[in-house]
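Below are the chains, spelled out letter by letter.
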Amino acid sequence: MTITLRIILIICSLISFLLCITRIKQAKLKVENSVTWMIGSILLIFMSIFSGAVEWISNKLGFMAPVNFVFLVIIGFLLIQTFIDNIRISTLNEKIKDLNHYIALKEYKSKKD
Amino acid sequence: MKTLVIIPAYNEALNIEKTVKDLKNNTKYDYVIINDCSKDNTKEVCEKNNFNVLSLPINYGLTSGIQLGMKYAYQNGYDIAVQFDGDGQHQAKYIKDLVKEIEEENCDIAIGSRFVSKKKPKSMRMLGSRLIAGAIRITTGKKIKDPTSGMRAYNKKAIELFVKNASLTPEPDTLVYMIKKQLKIKEIQVEMSDREFGESYLKPIKSMEYMINMFFSILFIRAITRKNI
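Protein chains in written order, with the numbering used here: chain D, 1 to 113; chain G, 114 to 342.
Heads up, a few of these hints could be off.
Stretch-level coverage of chain G by chain D, calculated; a stretch enters the list once three of its residues show a Cβ under 8 Å from a Cβ in chain D [what the hints assert, rightly or not]: (1) 168-176; (2) 216-230.
The calculated DMTMM-like cross-link candidates involving lysine to aspartate or glutamate, where the alpha carbons are at most 20 Å apart (straight line), are [to be verified]: (3) K277(G) x D85(D); (4) K161(G) x D143(G); (5) K111(D) x E157(G); (6) K97(D) x E157(G).
Because the hints were derived from the structure by calculation, they are not lab data.
For glycine and all other residues, C-beta sits at the position ideal for the given N, C-alpha and C.
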């Protein structure tokens with residue numbers, strides 16, 4: 001890995017880490033939801049510091065260049081993150097639907113009485 | 114047996130009066146209109162005529178409407194729930210044929226089918242119907258001639274399944290689920306008229322999406338439904 005890439009990775013990870021923390025303090029992000037982001041940034045920082053290990057693993061796995069391995073890890077991380085978000089949205093959807101039904105039934109009852 | 118007719122309505126101000134009149138003249142069953150947050154004055158029309166109406170505060174689609182109807186049927190102890198469109202396509206005189214089949218315990222779900230004794234016309238819409246029927250045949254071995262028909266009667270067992278499983282829709286994939294749960298399905302010949310006013314839930318652009326959803330649901334999700342649980 002080139003030194004520039006390592007520096008970019010470290011800076012980006014630090015920024016995302018700091019963003020997470022400030023958002024939690026402002027109560028705009030829940031702690032449970034931010035854990036995956038923080039794990040992701042820590043992973044990136046580790047990969048840029050211990051680039052020798054990354055090179056060794058990517059060589060063993062047969063990647064053309066270590067940077068490809070880094071990208072693969074990031075893509076995998078993003079896929080997991082979107083999947084988790086998808087599940088959350090579906091759960092919220094169900095909850096809103098139940099509320100919607102509840103209000104309709106309640107209104108109906110109060111109108112009848 | 115206590116029977117409830119569920120009429121989902123979205124922007125049906127022009128049709129709903131006629132539908133309810135038809136229902137009252139031809140049957141003696143209870144009914145409930147599910148007003149899915151219509152943008153027109155469906156709600157006012159229902160209230161003016163003193164119809165039995167449940168009004169949803171947010172538009173959530175046909176599935177949510179039918180599920181609410183099923184909840185209502187379950188909570189009020191109905192034995193049979195009939196799904197009946199509020200747009201004037203369905204004719205109320207056929208409801209008693211469906212209900213009779215369930216009362217005589219010939220089946221758990223009765224479908225008002227257009228093609229029991231009549232032949233399917235060759236059009237794009239019917240191609241979709243054939244494909245879905247084929248998918249049902251492959252996964253369950255059962256022949257259903259009009260799987261997309263929106264006129265269905267469910268008995269207590271089916272109502273209970275609907276209330277317990279929030280993923281069930283009033284669409285053909287649910288039929289596969291019901292068959293896998295050992296429920297018996299029977300088709301009864303009915304006539305349907307063309308829409309008079311308003312737009313259907315299934316617009317042309319959406320029908321492609323609908324087909325893809327149905328295929329994935331039937332082949333990959335409902336096909337592996339287990340008998341118990």
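Quiz item: So which of those numbered hints doesn't the model satisfy?
Solution: 2, 3, 6
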